[in-house]
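Sequence order for the protein chains is A and B.
All letters in the first sequence, in the order written, are residues 1 to 255 by my numbering.
All letters in the second sequence, in the order written, are residues 1 to 430 by my numbering.
Short derived list, chain A residues pointing at chain B, Cβ under 10 Å:
1. 18
2. 37
3. 39
4. 131
5. 138
6. 141
7. 180
8. 216
9. 217
10. 219
11. 242
Source of the hints: derived by calculation from the structure; they are not laboratory data.
Just so you know, even glycine gets a beta-carbon here, dropped at the ideal spot from N, CA and C.
One letter stands for each residue in the lines below.
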Amino acid sequence: MRVILETKPRKKPKIPIEAEAIIPQNFLLKNDIRVYEGNKERTLDEIFYVTTEGPAVSADQVEIVLSGETGVIKRVGEYMNAGRIVIEGDIGMHCGNFMSAGEIIIRGNADAWLGREMRGGVIRCEGNADHYCGAGYRGEKRGMRGGTIEVLGNAGDFTAEYLSGGEVRIMGDCGDLPGVEMRGGTLIIGGDCHRPCGNMTGGTCMVFGTARALLPTFVNAGSEEREFCGQRVEMNVFRGDVANRGKGTLFVRKK
Amino acid sequence: MKVEDVVCPFCGCLCDDLVVEVEGTRVVSVENGCTLANEKFLGDNRLTSPIRRAGGAWQQVSYEEAIEETAAILLDADRPLLYGWSGTHGEAQSIGVHLGELLGALIDNTSTVCHGPSIMAIQEVGHPGCTLGQVKNRADVVVYWGTNPIDAHPRHMSRYTTFADGFFLTDAFLERKVIVVDVRKSESANIADEFVKIEPGGDYAVLAALRAIVRGKRSLIPSFVSGVSREQLFRVADTLLGAKFGAIFFGLGLTMSRGRYKNVRNAIELTAELNRHTKWTISPMRGHWNVYGSNEVFTWISGYPYAVDFARGIAFYNPGETTSVDVLRRGECDACLVVASDPGAHFPRACAEHLARIPTVQIDPHVNATTHLARLQIPVAVTGIDAEGTAYRMDGVPIRTRKLFTGRYPSDTDVLMKIYDRVKEEKGHG
Ligand code: SF4
Chain A
1 MRVILETKPR
11 KKPKIPIEAE
21 AIIPQNFLLK
31 NDIRVYEGNK
41 ERTLDEIFYV
51 TTEGPAVSAD
61 QVEIVLSGET
71 GVIKRVGEYM
81 NAGRIVIEGD
91 IGMHCGNFMS
101 AGEIIIRGNA
111 DAWLGREMRG
121 GVIRCEGNAD
131 HYCGAGYRGE
141 KRGMRGGTIE
151 VLGNAGDFTA
161 EYLSGGEVRI
171 MGDCGDLPGV
181 EMRGGTLIIG
191 GDCHRPCGNM
201 TGGTCMVFGT
211 ARALLPTFVN
221 AGSEEREFCG
231 QRVEMNVFRG
241 DVANRGKGTL
251 FVRKK
Chain B
1 MKVEDVVCPF
11 CGCLCDDLVV
21 EVEGTRVVSV
31 ENGCTLANEK
41 FLGDNRLTSP
51 IRRAGGAWQQ
61 VSYEEAIEET
71 AAILLDADRP
81 LLYGWSGTHG
91 EAQSIGVHLG
101 ELLGALIDNT
111 STVCHGPSIM
121 AIQEVGHPGC
131 TLGQVKNRAD
141 VVVYWGTNPI
151 DAHPRHMSRY
161 TTFADGFFLT
171 DAFLERKVIV
181 VDVRKSESAN
191 IADEFVKIEP
201 GGDYAVLAAL
211 RAIVRGKRSL
221 IPSFVSGVSR
231 EQLFRVADTL
241 LGAKFGAIFF
251 GLGLTMSRGR
261 YKNVRNAIEL
271 TAELNRHTKW
281 TISPMRGHWN
291 VYGSNEVFTW
301 ISGYPYAVDF
311 ARGIAFYNPG
321 ETTSVDVLRR
331 GECDACLVVA
341 SDPGAHFPRA
351 CAEHLARIPT
361 VQIDPHVNAT
371 THLARLQIPV
381 AVTGIDAEGT
391 AYRMDGVPIR
401 TRKLFTGRYP
411 SDTDVLMKIY
421 DRVKEEKGHG
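Given these sequences and hints, build the entire structure.
Laid out in structure tokens, this is it:
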């Protein structure tokens with residue numbers, strides 16, 4: 001089954017829409033799907049032109065395609081456990097919160113908290129991701145725990161904060177403090193970043209560009225080769241963060 | 001008439017030893033206050049009645065009309081913002097939160113532009129804090145990090161630290177060691193025993209290095225960390241470890257520089273590490289008078305200290321998403337009520353421009369920068385001068401303020417209660 005959701009023009013287009021109900025399993029069950037526009041509850045067809053094509057017997061067979069002004073739609077794919085969501089343009093905050101299986105493809109940019117506390121499945125963002133990609137909610141001790149997030153562009157600050165499992169792969173640059181407080185999992189940064197892995201206690205981070213303002217609390221532990229985009233790259237290896245009992249590993253490309 | 005033990009209504013120190021002379025409905029002199037306090041009491045040019053923008057001019061309106069119009073604006077909005085709250089008393093803040101819930105609004109206080117990051121850090125790792133009284137009586141080492149109390153909290157040093165003798169420190173000026181950490185040599189740094197000059201944005205690295213030193217990893221420290229020499233870092237760490245009772249006070253230099261809440265978290269974790277060796281506490285230098293109270297009141301009612309979004313009928317909190325600077329910059333809000341603060345002066349330009357585009361109502365005694373963005377302004381009494389109520393000092397101690405005289409203005413509580421009743425009536429809960 002293919003569900004196409006195209007946004008309708010709105011009087012106040014900047015008011016965000018909260019749409020955690022947009023997940024494949026809800027369309028399979030033909031639930032009465034509601035979304036919120038600011039403090040007003042709306043039916044799906046008040047916000048979108050809805051087209052449904054073909055049948056499905058399980059959520060795996062449901063594909064949702066979102067198009068139009070989707071950059072202000074939050075929480076799409078929250079608790080998703082099967083199927084596929086394709087966003088033709090940008091997507092709002094918290095896309096793929098807590099998702100455990102399935103696939104989300106974003107053709108444009110993703111706003112902050114992409115794949116927040118994700119447990120499994122795949123998110124691929126072809127544009128840039130904003131702050132806190134793969135991170136946790138405020139005060140949570142664990143961010144993403146499983147699955148894969150791949151961002152072909154750049155990511156903002158605090159990428160993969162509290163990362164605990166799974167893999168976050170940013171092909172471009174990251175902002176400040178990627179992998180801060182990380183405790184497990186793998187963070188791969190194809191480009192440059194600033195102060196990677198502050199206060200990390202576990203996990204592995206690899207920076208294939210330049211790591212600016214590397215923190216003084218990482219201890220050099222030799223060098224090793226790692227593979228990135230089919231090439232062998234010589235990397236410096238650091239252990240840290242020794243401001244705590246840090247058992248994390250940070251690889252940074254040798255100049 | 002002279003009134004004694006008056007609480008100052010300006011900064012988070014809430015000095016409660018002022019002597020204020022009143023003639024009729026006018027303050028004529030202030031004793032014991034700093035220059036900021038004197039200005040607050042004496043430079044009191046009030047707006048005389050509610051005003052509404054009519055074309056290019058202002059028109060006077062009655063309180064009833066202004067309250068009716070405010071309620072209508074808020075009821076009509078799909079994403080109203082209720083911002084400010086730090087300059088008023090807890091009772092008014094409480095009505096604000098209930099109004100926010102009733103409207104499905106976003107309610108935020110000035111922590112969003114000051115110590116919001118401190119609260120976020122405390123939510124991650126806790127808060128080894130204490131009262132200012134403890135510091136005054138016990139602290140033999142005091143650190144001011146990213147804060148310049150001589151300018152921002154002028155009596156902090158004389159009431160609680162450098163110049164204040166305490167129970168265990170009978171000659172504080174000689175017995176207390178004061179360390180100032182900042183990116184420039186401030187006036188406070190001039191009277192400190194040790195000044196640590198950090199490169200801008202370098203606080204996180206310096207705090208991480210100090211944590212590592214306190215953990216016994218001196219050999220790993222490079223010769224310079226963000227402009228601070230290894231020798232100075234060792235000396236500072238030794239002073240911190242040698243304290244009998246230490247107190248760190250930090251300001252916006254830490255919360256609003258690169259890294260924000262992670263800087264504060266690192267400072268809290270340094271404090272925690274020091275507590276394995278001796279007694280240390282850490283406290284934010286809260287600036288805006290009752291901002292601490294707004295965090296308390298918001299938390300009692302909604303569970304969250306600031307940036308609370310009631311759009312879905314339940315409270316949701318996520319700084320960066322529900323903080324007023326962010327929602328205004330994104331142009332989300334379609335109406336705003338400003339109470340007891342001045343976002344027109346404090347917010348980035350893009351936010352102020354959005355406030356000018358949407359119907360903004362201000363409840364404030366004075367004409368300020370926000371007046372120029374607002375459509376409607378309702379003047380009220382000033383808490384601590386002609387209105388009474390409860391406020392929290394920067395260390396979380398609640399203090400009751402008194403009315404010095406009865407004037408002709410309603411208090412924030414009176415006006416907000418009327419708006420609340422009107423909204424409740426329209427929503428059919430009346
Ligand atoms: S230090 Fe603050 S509270 Fe004390 S008198 Fe000055 S402005 Fe008022």
